[in-house]
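Colleague: Since the structure of chain S is provided, determine the placement of chain W on it from the hints.
As a plain string of letters, each chain reads:
Protein chains: 2
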Amino acid sequence: MAGKLFLIPTIISDHQQGVIPQQVREALPGIKHFLAEDVRTARRYLSSLKVYPSMEELNFETLNKETPSASLPPLMKPLADGLNMGVISESGCPGVADPGALAVAYAHEHGFQVVPLVGPSSILLALMASGLNGQQFAFHGYLPIESKEASKKIQELERESKLKNQTQIFIETPYRNNSVFTHLIKNLHPNTRLTVALDITGQQEVITTKPVMVWRSNPAEWPKAPAVFLFLA
Amino acid sequence: MAGKLFLIPTIISDHQQGVIPQQVREALPGIKHFLAEDVRTARRYLSSLKVYPSMEELNFETLNKETPSASLPPLMKPLADGLNMGVISESGCPGVADPGALAVAYAHEHGFQVVPLVGPSSILLALMASGLNGQQFAFHGYLPIESKEASKKIQELERESKLKNQTQIFIETPYRNNSVFTHLIKNLHPNTRLTVALDITGQQEVITTKPVMVWRSNPAEWPKAPAVFLFLA
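If you read the sequences in order, they're chains S and W. Numbering that gives the first Met the number 0 puts the first sequence at residues 0 to 232. Numbering that gives the first Met the number 0 puts the second sequence at residues 0 to 232.
Hints may be right or wrong, so weigh each one.
Between beta-carbon pairs, the in silico distance windows are [what the hints assert, rightly or not]: (1) S:Pro-72 - W:Asn-190: 21 to 27 angstroms; (2) W:Asn-177 - S:Thr-181: 48 to 54 angstroms; (3) W:Arg-158 - S:Pro-173: 33 to 39 angstroms; (4) W:Asn-58 - S:Pro-28: 26 to 32 angstroms; (5) W:His-109 - S:Pro-189: 19 to 25 angstroms; (6) S:Asp-13 - W:Lys-31: 26 to 32 angstroms.
A few chain W residues that face chain S, going by a derived Cβ cut-off under 7 angstroms, partial list only [stated by the list, open to error]: (7) Val-117; (8) Gln-135; (9) Gly-140; (10) Ile-170.
Capping the alpha-carbon separation at 30 angstroms, the derived lysine-lysine pairs in BS3-like fashion look like this [stated by the list, open to error]: (11) W:Lys-161 - S:Lys-152; (12) S:Lys-31 - W:Lys-3; (13) S:Lys-3 - W:Lys-223; (14) W:Lys-223 - S:Lys-161; (15) W:Lys-3 - S:Lys-223; (16) W:Lys-151 - S:Lys-163; (17) W:Lys-49 - S:Lys-163; (18) S:Lys-163 - W:Lys-31; (19) W:Lys-64 - S:Lys-163; (20) S:Lys-161 - W:Lys-163; (21) W:Lys-3 - S:Lys-209; (22) S:Lys-64 - W:Lys-161; (23) W:Lys-161 - S:Lys-161; (24) S:Lys-147 - W:Lys-185; (25) W:Lys-161 - S:Lys-163; (26) S:Lys-209 - W:Lys-163; (27) W:Lys-163 - S:Lys-151; (28) S:Lys-223 - S:Lys-152; (29) W:Lys-64 - S:Lys-209; (30) S:Lys-209 - W:Lys-147.
Calculated directly from the structure, the hints in this document are not laboratory data. The structure presented is a predicted model; accordingly, all values stated were derived computationally and were not measured. We put the CB at the ideal spot given by N, CA and C, even for glycine.
Next comes chain S alone, as it looks inside the complex (with noise of 0.2 angstroms):
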């Protein structure tokens, strides 16, 4: 019998194991090898759950955006052998957002089964906690960097949003927060709704959604936590 493709969720802000279900832990025992964006991390986790008696039967290999195609029959080939296998990304939920939908990819044209188990994603839960539309959204990664580049970019969301009554969400590393903040009320029109969601799920955890005129009138100051952007024109 040919093996099976888990994704497993992880935790998305430190020491929140909470956030992981059941369904997680009794999936776990049942598989040994795992892809990982960052294996010390992987391995970190996967101990802190408790649910092997020992980390030594595990085997781990590296999966990221640098991995070529190439080398993915061999990464894989535990499931060919009947074996289960587990995808594990560097924060959140294998295949949205990360490298991981390489080896979903791979399992699907080869006819293994894939079971994506149920975890933390700061995407869906800042979408979830911005009020705005739920019904229609669009997730477009991160900005570009350059500052003309970026207003553009804004400018033509904003247009797609309005147009389609769709919420436009994306991600930005900590350390280009406020740059993005600065951005975004810059070029956004002043009844746009804007949503600053923080550190979802950790300590510092704030999530905040004001029409652009209003953060205008008070801006925030954001430390370098992990953020998710959105709005809704």
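Modeller: Below, chain W alone, put in the same frame as chain S:
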């Protein structure tokens, strides 16, 4: 002190309580006032988690797509009285493809803290397990019911998918699964990858991604179970 608005995910398949993390079970005892799409389902769900000594102490009000925004101030009154409130969707995560966003928007407007809790979302789980692009994706709700309009919409979404390298996601009511699937394989380009994610977390769970030409040569018959459809051109 003001109350907080908690967003409480619920199971997406019968008897699968293992997908609800400890985080939710720990937050619930501090919440006695609930807004639910369907009060009976919500009551049964909370009872199944066995976190309350008695269900008699809980208060439920209905919040659904028929709720006029004028009803919100009385519905949300417990927050102003310093009591926590919970929003419960009929299935999955409140605020995503359901009317919960109304209550969340109200909370932000009036300065109440919003706390999203972790749980299952069929949309997110389907995306993870699709192997399609998880760096850029859009959720569109339901397709038009009328055949010609549905075809037009599918073609439009496919053009956009190709242009933006964007995974397109939508849902359907179970009894229309076969009709939507037929529309999709008829209208999409042969090389477009199409995913059907059926009964996620349930007994019949099956998630399959294939190029449209492969689906055409071996079309499936889908049971009446909840499904998510995704494609990438």
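Colleague: Measure nothing beyond the straight line between the CA atoms of W:Lys-161 and S:Lys-163; if it is 30 angstroms or shorter, mark the hint as holding.
Modeller: Holds, at about 18 angstroms.
Colleague: Can the hint on W:Gly-140 be confirmed by a CB-to-CB distance to chain S that is less than 7 angstroms?
Modeller: It holds, given that the least Cβ distance between W:Gly-140 and chain S is near 5 angstroms, below 7 angstroms.
Colleague: Is it true that the CA of W:Lys-3 sits at most 30 angstroms from the CA of S:Lys-209?
Modeller: Holds, because 17 angstroms separates the two Cα atoms, which is no more than 30 angstroms.
Colleague: Given the hint that W:Lys-161 pairs with S:Lys-161, test it: the Cα-Cα distance must not exceed 30 angstroms.
Modeller: holds, 22 angstroms
Colleague: Go through the hint on W:Ile-170 and say holds or violated, using the shortest Cβ distance to chain S against 7 angstroms.
Modeller: violated, 10 angstroms
Colleague: Holds or violated: W:Lys-163 with S:Lys-151, Cα cutoff 30 angstroms?
Modeller: Distance of about 16 angstroms is within 30 angstroms: holds.
Colleague: Take a quick look at whether W:Lys-223 and S:Lys-161 sit within 30 angstroms of each other, Cα to Cα.
Modeller: violated, 35 angstroms
Colleague: Are W:Gln-135 and chain S close enough, Cβ to Cβ, to be under 7 angstroms, as the hint says?
Modeller: holds, 6 angstroms
Colleague: Against the 30 angstroms threshold, does the CA-CA distance of S:Lys-64 and W:Lys-161 hold or violate the hint?
Modeller: holds, 21 angstroms
Colleague: Can you confirm whether the C-alpha distance between S:Lys-223 and S:Lys-152 stays at or below 30 angstroms?
Modeller: holds, 23 angstroms
Colleague: What's the verdict on W:Lys-49 and S:Lys-163, does the C-alpha distance respect the 30 angstroms limit or exceed it?
Modeller: Cα-Cα ~42 angstroms, so violated.
Colleague: For the pair supplied as a hint, S:Lys-209 and W:Lys-163, confirm whether the alpha-carbon distance does not exceed 30 angstroms.
Modeller: holds, 29 angstroms
Consistency note: the structure conflicts with the earlier hints numbered 4, 10, 12, 14, 17, 18, 24 and 30.
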